[in-house]
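S.K.: The lines below spell out each chain.
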Amino acid sequence: MSHGIVWKYGDNVNTDVIFPGRYTYQMMAPEEMAQHALEDLDPEFARKVKPGDVIVAGRNFGSGSSREQAAACLKAAGVQAVVAKSFARIYFRNAINIGLPVLQSPDAVERLQAGDPVDVDLVRGEIRSTRGTFPFSPLPESVLGIIAAGGLIEYTKAKLTVDESEEKKE
Amino acid sequence: MGKTLTEKVLGRKAGRDVRAGDVVSVSPDYVLSHDNSAAIIQEFRKLGVKRVKAPGKIVIVLDHIVPAANEKYAQNHKTIREFVAEQGIPNFFDINVGICHQVLPEQGFARPGLVIVGSDSHTPSYGALGAFAAGIGRTETACTWATDEIWLRVPETMRIDLSGRFRPGVFAKDLSLKLIGDHGAEMANYKAVEFAGPAAGDLSVGSRLTLANMSAEMGAKNGYFAPDAKALQWLEGRARGPFEMVASDPDARYDTVLACDLDALEPQVAAPHAVDNVKPVAAVAGKPVNQILIGTCTNGRLEDLEAAAAILKGRRAHPSVRVLVIPASWEVYREALRSGALATLVEAGCVILNSGCGPCLGGHEGLMAAGEVCLSTSNRNFRGRMGHRDSEIYLASPATAAASAVTGRITDPRGF
Numbered sequence: 001m002s003h004g005i006v007w008k009y010g011d012n013v014n015t016d017v018i019f020p021g022r023y024t025y026q027m028m029a030p031e032e033m034a035q036h037a038l039e040d041l042d043p044e045f046a047r048k049v050k051p052g053d054v055i056v057a058g059r060n061f062g063s064g065s066s067r068e069q070a071a072a073c074l075k076a077a078g079v080q081a082v083v084a085k086s087f088a089r090i091y092f093r094n095a096i097n098i099g100l101p102v103l104q105s106p107d108a109v110e111r112l113q114a115g116d117p118v119d120v121d122l123v124r125g126e127i128r129s130t131r132g133t134f135p136f137s138p139l140p141e142s143v144l145g146i147i148a149a150g151g152l153i154e155y156t157k158a159k160l161t162v163d164e165s166e167e168k169k170e
Numbered sequence: 171m172g173k174t175l176t177e178k179v180l181g182r183k184a185g186r187d188v189r190a191g192d193v194v195s196v197s198p199d200y201v202l203s204h205d206n207s208a209a210i211i212q213e214f215r216k217l218g219v220k221r222v223k224a225p226g227k228i229v230i231v232l233d234h235i236v237p238a239a240n241e242k243y244a245q246n247h248k249t250i251r252e253f254v255a256e257q258g259i260p261n262f263f264d265i266n267v268g269i270c271h272q273v274l275p276e277q278g279f280a281r282p283g284l285v286i287v288g289s290d291s292h293t294p295s296y297g298a299l300g301a302f303a304a305g306i307g308r309t310e311t312a313c314t315w316a317t318d319e320i321w322l323r324v325p326e327t328m329r330i331d332l333s334g335r336f337r338p339g340v341f342a343k344d345l346s347l348k349l350i351g352d353h354g355a356e357m358a359n360y361k362a363v364e365f366a367g368p369a370a371g372d373l374s375v376g377s378r379l380t381l382a383n384m385s386a387e388m389g390a391k392n393g394y395f396a397p398d399a400k401a402l403q404w405l406e407g408r409a410r411g412p413f414e415m416v417a418s419d420p421d422a423r424y425d426t427v428l429a430c431d432l433d434a435l436e437p438q439v440a441a442p443h444a445v446d447n448v449k450p451v452a453a454v455a456g457k458p459v460n461q462i463l464i465g466t467c468t469n470g471r472l473e474d475l476e477a478a479a480a481i482l483k484g485r486r487a488h489p490s491v492r493v494l495v496i497p498a499s500w501e502v503y504r505e506a507l508r509s510g511a512l513a514t515l516v517e518a519g520c521v522i523l524n525s526g527c528g529p530c531l532g533g534h535e536g537l538m539a540a541g542e543v544c545l546s547t548s549n550r551n552f553r554g555r556m557g558h559r560d561s562e563i564y565l566a567s568p569a570t571a572a573a574s575a576v577t578g579r580i581t582d583p584r585g586f
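Going line by line, the protein sequences match chains G and P.
Just so you know, we're using this note's numbering here: the first sequence kicks off at 1 and counts up by one.
Just so you know, we're using this note's numbering here: the second sequence kicks off at 171 and counts up by one.
Don't read these hints as lab results, they were simulated from the structure.
Keep in mind that the hints are not guaranteed to be accurate.
What the hints assert, rightly or not - In silico contact screen, one side only, chain G against chain P (beta carbon under 10 Å); selected entries:
1. GLY21
2. TYR23
3. ASP163
Said to hold, decoys possible - Here are a few chain P residues that face chain G, going by a calculated C-beta distance under 10 Å:
4. ALA184
5. ARG186
6. ALA190
7. PRO325
8. ASN359
9. GLU387
10. ALA390
11. LEU494
12. GLY554
A quick note: this is a predicted structure, and the numbers were derived from the prediction, not measured.
Cβ atoms here follow ideal geometry from the backbone N, Cα and C, with glycine treated the same way.
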């Protein structure tokens, strides 16, 4: 599993600062989205982030717009997971649908500091760091199928294929 | 134990008895998208199916960048128009109809008891007419186009009991800001918000739309009013199909109950850069502004333009301020032409723009330079949302916006 460092932010990190509206209605490749990640919150982030890094933030991460690029740009930037005290609801759905792990662990948020080496074990449900190992709330069962398939597009594709073959049987 | 409106609506759709916390898979009545349909089409193409499953349920409204501000946006619009023709999607509204959250209520899509999902965070607006309406993302919208199905967790409900009456100069927007300021931008995260109490029925459909719209800023999944005679009056001649009058049972279970006395409310302003950074207007009065925006899905309806016109009648906007006015739809635009509100605003020096989202989300039409300040009737004041990251946005009612247009500084509208 890749190993990264913590990027730490506060409460209510909203979708506008994660991925500004001025780019939202331009069609962009993932690599280009990654260049604008967190642009209005931390202009250094996009240049310095490394694959495997983890974003750690407070309450209501991803509040605001339904723009999916706010999740996609972090995934494209190589972010391994976002750990927060809580997530805004559309952001949570979007992240799962595109395959960006979003983990709730208030303890980890309290303890982890910017720059800490960190790793996330999705299978065991643990965030590991030099400051300790923190369990996170398991994802709801209803969405595990989507994660297992690698995102909602793959999940739906598989489902559509099954539906089609059943129709043929009839 | 009784049920909430949301439990009833989602239960009926799921074909079983459901409670808050259950996860249901439902076939929505409508699936909304707007300019982001271009991105949704791209996702849809990855699914390997040729046709959308239920073209009649798809509603596409071009509103975010209308007309197209550059070649990229023009290409998006072109892609969407071609897809609409290819798939035979009957409910398509081009650049001269309005903002989706005004168009769906006006065109009779938003109806009591329906399930509407939309790839826009302010989709909860349709709860103003008693629908269950929630925002979703692009990938999810594409998959719903293909499957005619979506999973939803039945939310717990927060009830807000409203009593009293708005004092002059105080509006639904002030109420929404006060609630968010007092209880935080996460006050209803994952929940349904029911606006109830003796004063709820007094509110116009326009004001209900403002509150249901702003429930998104409370973090809510959906926000609603129980449909009543006022809702029925609105639906008369508009409803495109059947609907079911539905309300929460008296013994329904609520997660939280809050109360708010409208008599005690005064005009509110959300200061940069968070929607819950709310203060009474007096606390920020005198702050110079460079731009004022009156419009958007939150406050661009006839009652909003008339509230602004009432203050600007016979007055001029201050020379140091640019005042942008955007009717929420062409229906509003035409009504405001007939009522004289637009003439008053033009005489006062306001710039009238095409119905659409305008600069609200930083797309076009009035973006701000570093150091500039905007007072807006929209719903978000996040850093950089309307232009440079060092510009500032204050949120307020149309009356506060109009009073501030006269003085060039944030101003209490009760003095007018």
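S.K.: Give a verdict on every hint.
M.R.: Outcome of the hint check:
Below 10 Å, beta-carbon pairs count as interface contacts, and GLY21(G) has one with chain P at about 4 Å; its hint therefore holds. Interface restraint check: TYR23(G) against chain P, minimum CB-CB distance 9 Å, threshold 10 Å, status holds. Taking 10 Å as the C-beta contact cut-off toward chain P, the hint placing ASP163(G) at the interface holds, the least distance being around 8 Å. A distance limit of 10 Å between C-beta atoms decides the matter here; for ALA184(P) the minimum to chain G is near 13 Å, and the interface restraint is violated.
Nearest Cβ of chain G to the Cβ of ARG186(P): about 15 Å, over the 10 Å cut. The hint is violated. With a least beta-carbon distance of about 14 Å to chain G, the hint placing ALA190(P) at the interface is violated under the 10 Å criterion. For PRO325(P), the interface hint holds, since its Cβ comes within 10 Å of a Cβ in chain G; the closest pair sits about 9 Å apart. A hinted interface residue such as ASN359(P) counts as satisfied when its beta carbon comes closer than 10 Å to some beta carbon of chain G; here the least separation is about 6 Å, so the hint holds.
With its C-beta approaching chain G no nearer than about 8 Å, GLU387(P) sits inside the 10 Å limit, and its interface hint holds. At its closest, the beta carbon of ALA390(P) sits 8 Å from a beta carbon of chain G; the interface hint therefore holds under the 10 Å criterion. The interface hint given for LEU494(P) is violated, since its Cβ lies 16 Å from the closest Cβ of chain G, which is over the 10 Å cut-off. Hint status for GLY554(P): holds, given a least beta-carbon distance of 4 Å to chain G, under 10 Å.
Violated hints for the displayed structure, listed by number in ascending order: 4, 5, 6, 11.
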